[in-house]
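Trainee: These protein sequence lines are chains F and Z, in that order.
Numbering-wise, the working numbering puts 1506 at position 46 of the first sequence, and it's gapless, one number per residue.
Numbering-wise, the working numbering puts 1593 at position 133 of the second sequence, and it's gapless, one number per residue.
Quick caveat, the hints were computed from the structure, so don't treat them as lab data.
Just so you know, these numbers come straight off a predicted model, no measurement behind them.
Errors might be hidden in some of the hints.
One copy or any two copies: either way a pair holds, since identical chains are not told apart in the list.
In silico SDA-like links for lysine to any residue, alpha-carbon gap of 25 Å or less [what the hints assert, rightly or not]: (1) Lys1622 with Thr1543; (2) Lys1504 with Leu1618; (3) Lys1562 with Gln1587; (4) Lys1562 with Asp1515; (5) Lys1562 with Glu1495; (6) Lys1585 with Gly1497; (7) Lys1562 with His1540; (8) Lys1622 with Leu1476; (9) Lys1622 with Gly1579; (10) Lys1585 with Gln1477.
2 protein chains.
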Amino acid sequence: MLESTPRRILGIDPGLQCTGYAVLESTPRGATLCEAGVIRTTGKDLALRLATLHDSIVEILDEWQPETIAVEQLYSHYDHPRTAILMGHARGIFFLLGGRRKLPVLSYPSTHIKRLVTGSGRASKVQMQHAIMRELGLAAPPEPHDVADAVAVALCHLSALKRSHLT
Amino acid sequence: MLESTPRRILGIDPGLQCTGYAVLESTPRGATLCEAGVIRTTGKDLALRLATLHDSIVEILDEWQPETIAVEQLYSHYDHPRTAILMGHARGIFFLLGGRRKLPVLSYPSTHIKRLVTGSGRASKVQMQHAIMRELGLAAPPEPHDVADAVAVALCHLSALKRSHLT
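Throw the hints in and build the complete structure from the sequences for me.
Mentor: What follows is the structure, given as structure tokens:
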């Protein structure tokens, strides 16, 4: 089946200090970038930081009306359990927003995303940034790397969609 | 300083399948239980489960208007990182609600809570249930144990408040 209407995906690379996000649109000629950036939260109050993150994502959802949210799976971060647990707090916000808006929230393993974008499941952050630059025809690699990671997970979802249309 | 108005605390024992909650009111004669129970979520869709959890806590906050939320610290759960990360998702919702409503969300280490309630930082679930039954003058131990744990963390916060008033 060919896609008739553009699909918009919000890709998110969750972090408490710095969350990367990217809205991609899938067109017959490939993926185009609508908007990407990072949401930074500071301060010692976890509750206020999560509220900032929530409100920022609400703004992005309102503006771009993506049909799906894609995030990285967390289970590759067992080496740093404290960080993974804190990231879980941030990730809970994205799932909550998806649930409340009836948007599917899909997660992809980090190695899967890296392999799709660079050919290697163990690609470095710099390799990911350069691959995303080439893929989207950007003049420079996305900075910080959280933006590239958010684009990558959105691309991963678009690729999964394409495969599901071919089969 | 003596307390003039009763203080209401919402204690939460976070879990994805079963979250215990307890609203306690601190009066000059001690803590009394306003309401306690569990919120259960089912199904494979994490987003919908978190949305259910969110909406249930919103109802409790609206009804009882607690001034503080108290939850257990998560870092004692390193042995089961997958569970701890998933609990982090649920926990993020409570912090978010606190942040959006300008309610402080305080967390206490599990050992600290157990020691306060039973005298031992390594108390079993059954010991906790019996200690809570005695403390609140209940006819039977709270069931399931998640309810007792939610009461315990709220008591822990009231005890911390009392200490801060004495010093």
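Trainee: Next, verify each hint and record whether it holds.
Mentor: Going through the hints against the structure:
{"no.": "1", "hint": "Lys1622 with Thr1543", "verdict": "neither (33 Å within a copy, 33 Å between copies)"}
{"no.": "2", "hint": "Lys1504 with Leu1618", "verdict": "between (36 Å within a copy, 22 Å between copies)"}
{"no.": "3", "hint": "Lys1562 with Gln1587", "verdict": "neither (34 Å within a copy, 42 Å between copies)"}
{"no.": "4", "hint": "Lys1562 with Asp1515", "verdict": "both (17 Å within a copy, 14 Å between copies)"}
{"no.": "5", "hint": "Lys1562 with Glu1495", "verdict": "within (22 Å within a copy, 31 Å between copies)"}
{"no.": "6", "hint": "Lys1585 with Gly1497", "verdict": "within (16 Å within a copy, 46 Å between copies)"}
{"no.": "7", "hint": "Lys1562 with His1540", "verdict": "neither (32 Å within a copy, 30 Å between copies)"}
{"no.": "8", "hint": "Lys1622 with Leu1476", "verdict": "neither (31 Å within a copy, 32 Å between copies)"}
{"no.": "9", "hint": "Lys1622 with Gly1579", "verdict": "within (18 Å within a copy, 59 Å between copies)"}
{"no.": "10", "hint": "Lys1585 with Gln1477", "verdict": "within (18 Å within a copy, 35 Å between copies)"}
Going through the hint list in order, the structure does not satisfy hints 1, 3, 7, 8.
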